[in-house]
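Please work from the sequences and hints to get the whole structure.
Quick mapping for you: the protein sequence lines, in order, are chains A and B.
Sequential numbering of the first sequence, starting at 18, is according to our numbering.
Sequential numbering of the second sequence, starting at 2, is according to our numbering.
Possibly wrong hints are sitting among the right ones.
[Said to hold, decoys possible] Some chain B residues judged to face chain A by a derived CB distance under 7 angstroms, without partners named:
hint, residue
1, S44
2, N98
3, K99
4, G103
5, A104
[Claimed, not checked] Restricting the straight-line Cα-Cα distance to at most 35 angstroms, the calculated cross-link-like pairs of lysine-lysine (DSBU-like) are:
hint, chain 1, residue 1, chain 2, residue 2
6, B, K59, A, K55
7, B, K59, A, K34
8, A, K61, B, K60
9, B, K70, A, K55
10, B, K111, A, K69
11, B, K99, B, K79
12, B, K79, A, K69
13, A, K34, B, K43
14, A, K34, B, K99
15, A, K34, B, K70
16, A, K61, B, K111
17, B, K79, A, K34
18, B, K43, A, K55
19, B, K111, A, K55
20, A, K34, B, K58
[As the list claims (entries may be wrong)] Distance ranges between label pairs, derived from CB positions:
hint, chain 1, residue 1, chain 2, residue 2, range
21, B, N30, A, D76, 12 to 22 angstroms
22, A, K34, B, K59, 47 to 57 angstroms
23, A, D94, B, E57, 19 to 29 angstroms
24, B, K60, A, I22, 18 to 28 angstroms
25, A, D76, B, E84, 49 to 59 angstroms
Calculated from the structure, these hints are not laboratory results.
For glycine and all other residues, C-beta sits at the position ideal for the given N, C-alpha and C.
Given next are the chains, with one letter for each unit.
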Amino acid sequence: DAMVIQNPRYQVTQFGKPVTLSCSQTLNHNVMYWYQQKSSQAPKLLFHYYDKDFNNEADTPDNFQSRRPNTSFCFLDIRSPGLGDAAMYLCATSRGSTGSPYEQYFGPGTRLTVT
Amino acid sequence: ILNVEQSPQSLHVQEGDSTNFTCSFPSSNFYALHWYRWETAKSPEALFVMTLNGDEKKKGRISATLNTKEGYSYLYIKGSQPEDSATYLCALGEYGNKLVFGAGTILRVKS
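Right, dumping it as structure tokens:
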């Protein structure tokens, strides 16, 4: 089945220690997104790639970076995690402007704990 | 900046009860309203996408309506079952392929 996969599902990192979260997709979608969801809050868009074009949200901290080496993979790098970065991180994909632009398809998320 | 609000924050119902949640938003400057169901340890799953004022969608026991003029959408579940237990998220689709989410309604159905 075509899907969005996130690894790992649970990640524990130390305060200040760089961490990378991974997302892959078999849907061949143009757009890949990273959302952050803190406890009891709305998922918040951090950034997205439309093909190779990177689109950062204005209020995304510089501590968060992303890479998309090819269509299938997208990475979220947190350079120096703080306690406030503990959250669920969701990856999503969409077709973009071709076909139906409306739907986003989500992975199961990576829950990040910072100790 | 769009602000999407969902109510109630959580809901506990008995099996067989019918229930509904609200998603409200202040602006009609969007292209679609999405409802997602997010079960624990799974991926958020798309339920409905609605684009027009007065849209009504139905999937089995679950239905949704959209009123863009007054800025709300309702999600209804008829005869709730334990497997309906999940977080229900609504999101506005902004131009530029972005979604702005509400914080969700957590539904727990007791058997």
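Enumerated hints in conflict with the structure, sorted upward
Failing hints, ascending: 7, 10, 12, 15, 17, 20, 23 and 25.
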